[in-house]
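Protein chains in written order, with this note's numbering: chain A, 36 to 360; chain B, 2 to 440.
There's no promise every hint is true.
Said to hold, decoys possible - Once the Cα atoms are required to be at most 20 angstroms apart in a straight line, the calculated EDC-like pairs of lysine to aspartate or glutamate come out as: (1) B:K409 to A:E226; (2) B:K409 to A:D142; (3) B:K224 to A:D57; (4) B:K253 to A:D86; (5) A:K85 to B:E423; (6) B:K253 to A:E64; (7) A:K217 to A:E251.
No lab work stands behind these hints: they were computed from the structure.
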Amino acid sequence: MTTMNLLQAVNNALDLAMAENDSVICFGEDIGHFGGVFRATSSLQEKYGKDRCFNTPITEQGIAGFAIGLAAQGSVPVAEIQFADYIFPAFDQIVNEAAKFRYRSGDQFNVAGLTIRTPYGGGIAGALYHSQSPEAYFCHTPGLKVVMPSTPYQAKGLLMAAINDPNPVIFFEPKRLYRAAKGEVPEPGYEIPLGVAEVVRSGSDITLLGWGAQMEYLIEAADKVQQEGISCEVIDLCTLLPWDIETVEASVNKTGRLLISHEAPRTGGFAGEISATIQERCFLALESPIARVTGLDTPFPLAYEKEYMPGTLKIYDAIKRSLSF
Amino acid sequence: MSNTAVSNSTVSNSNDSSSTHSESYASSNADNASAVQESNNEKLASYEAQVLDEINETHQLAFITSDNLRIPTLKILQADGVEFEDAMAVHLNKDTALRSFKTMQYIRILDDRMVAAQRQGRLSFYITCTGEEAAVVGSAAALKPTDMIMGQYREQAALRYRGFTTEQFMGQLLGNEMDLGKGRQMPVHYGSKELHYMTISSPLATQIPQAAGYAYGQKLAGKGECTLCYFGEGAASEGDFHAGLNMAAVQKTPVIFVCRNNGYAISTPTDEQYKGDGIASRGVGYGIKTIRVDGNDLLAVYSATVEAREFAVSNNEPVLIECMTYRLGGHSTSDDPSGYRGKDEEHEWQKKDPIHRFKHWLLNKNWWSEEDDTLLLEEYRTEVLAVLKKIEKMPLQPLRTLITDVYKHPTSQLEAQFDELEEHLRHYPEHYPASAGRV
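Next up, chain A with everything else stripped away, as it sits in the complex:
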């Protein structure tokens, strides 16, 4: 075990994947010698050479298309989109090409090796274009997997699993936690299975569900209400597509209440999908309406970022409302 921050865990996962398999190739804007604007790819070019770790021109659709072609050829590309806010030029390549590659060819061709990494989320004064959480757009696309780690341990294990998964994976990294989140990480390589949620804390009164950077706030809120005698079960979804319905269902059947939190705007957010599924499955067990604590239906703001964010206090309030319904 060694202590790493989330960024070091990502870097370590890439390093091990590249060492393990010569076909793993990393590329994106500024990720070569410079090591990426957040340094997630530090020292990889020095270790593995310019053929396997290189800068690209500023063209997100080009990066995604190039990665798809490379994956179709049999390589294992790990492409970086510098900020999730800039993934939209690549949307067509991801949604119409990567996601449908296997299906449309009758399984003759696939992009099994494809992983696209991108930092997402607010809390860093990044305003409209350095803060977005666009996961829900991709969760609406069969054929993709969508993964969002919340800790260094998860970041390493989920990224290694994403790289080895035989399906295209979009891997959203919580940039607010890049250096803020520290934790114990095993030195050898390991995988955390995709599609499996982690029950972070067991409890009996309400289930708190989130992913990525929201986990920090959910745990803080759980601590806060615990002092008032409220027992929260906290679940980290880890993979949004496909998501672990059974774990959430079992928890809600036990607690009778569910709160879902994400940073993205509420309307059309992934909490809506989870709410619909859980009310179908747990209708008679529910003791209060499923609560959503989310960003506002606005572009991501700057001056009032803290007001926008679904932080600990908003979650705390929502827990109280649910319990007193």
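Mind docking chain B on chain A? Use the hints.
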């Protein structure tokens, strides 16, 4: 427009002053580029040469226009199938020549018959390659069989050149049990792993950056293979074209880009699609070795692609070939060109038919005879119709192909949705004729 070769919507593609009968690459190489323009305007020429030499300094204000780089069109065969007197020597052996010719004839027959079948309601949709056979076959014939081909959707002739069977064509067109793609895509979205022909997708130009990535993988694999990527002049307006060419050049990838400049994007003529000197001029801008050829001249297309392939694989660099041709048919069976272009224009281009032209070259060489031709066409007509009849009787793929291959293994959610669907279909089979009796 100074170079009428690019303005083929005006039917004057061929006989212009800027055609060449010997191979001439336009590239970002300063010597070549400035040599072309010396004849134009000395002042501008020396200005551009300075720019290209990266001296990049002048003390006189002067703009550059596309007239400063006039890209010629390589032509070897005249419309009657006789080589131009001063044309470069062509190295095309008899086997390849005949295979190319038979492929073109086959595709012409297939296209004619499938349009008829669509009119009879036997197919939902079809797209012909008519008029562009030489641009496709000439380029495909210059490849190694293991080179990857990534097409747009009008290049069935390349697939046929590699051996796609009539049964396989019909299977895809009918989307049934015989379809390698498992009945999931509209007609003409062919693909064959065995023949190194990437499955077609409808979104335009997406294959261009993918071809760069695929070729990059081929470069690292070191087997001396490359990727050939087809697209139309309309698709070249998409962002993916620019992204793909730039990445291919910067990342040094062995990919041959073949633009079929066929005059129309559905109904939009080239003069409403772009303003510069065709698509070729863009290759130069991206630092890509570029050539423009008469796309109705199989010898010109073949010769250019042989050189392009050799260059791409030896240097790990992309090449762009712009084939000037003409879409003799509609965009698809859902299109009627009489709404946007005149019959006169079509008649002019029928006189430049690429198959006719190449046939006469073969006849002159005594590699082919009119009798051979009659027999071949009859054989193809019979085969295509007989196989259509046979394959259209075949059943659909199993219902489960609805959910397989979304992921490598279906998710539990998808399995649950499928169970629910099957339950529903069992209750109302008469309302779902395609799956009735298959649940």
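Each hint, compared with the structure:
no.: 1; hint: B:K409 to A:E226; in the structure: holds, 18 angstroms
no.: 2; hint: B:K409 to A:D142; in the structure: holds, 8 angstroms
no.: 3; hint: B:K224 to A:D57; in the structure: holds, 16 angstroms
no.: 4; hint: B:K253 to A:D86; in the structure: holds, 10 angstroms
no.: 5; hint: A:K85 to B:E423; in the structure: violated, 52 angstroms
no.: 6; hint: B:K253 to A:E64; in the structure: holds, 17 angstroms
no.: 7; hint: A:K217 to A:E251; in the structure: holds, 12 angstroms
The earlier numbered hint that this structure contradicts is number 5, and it is the only one.
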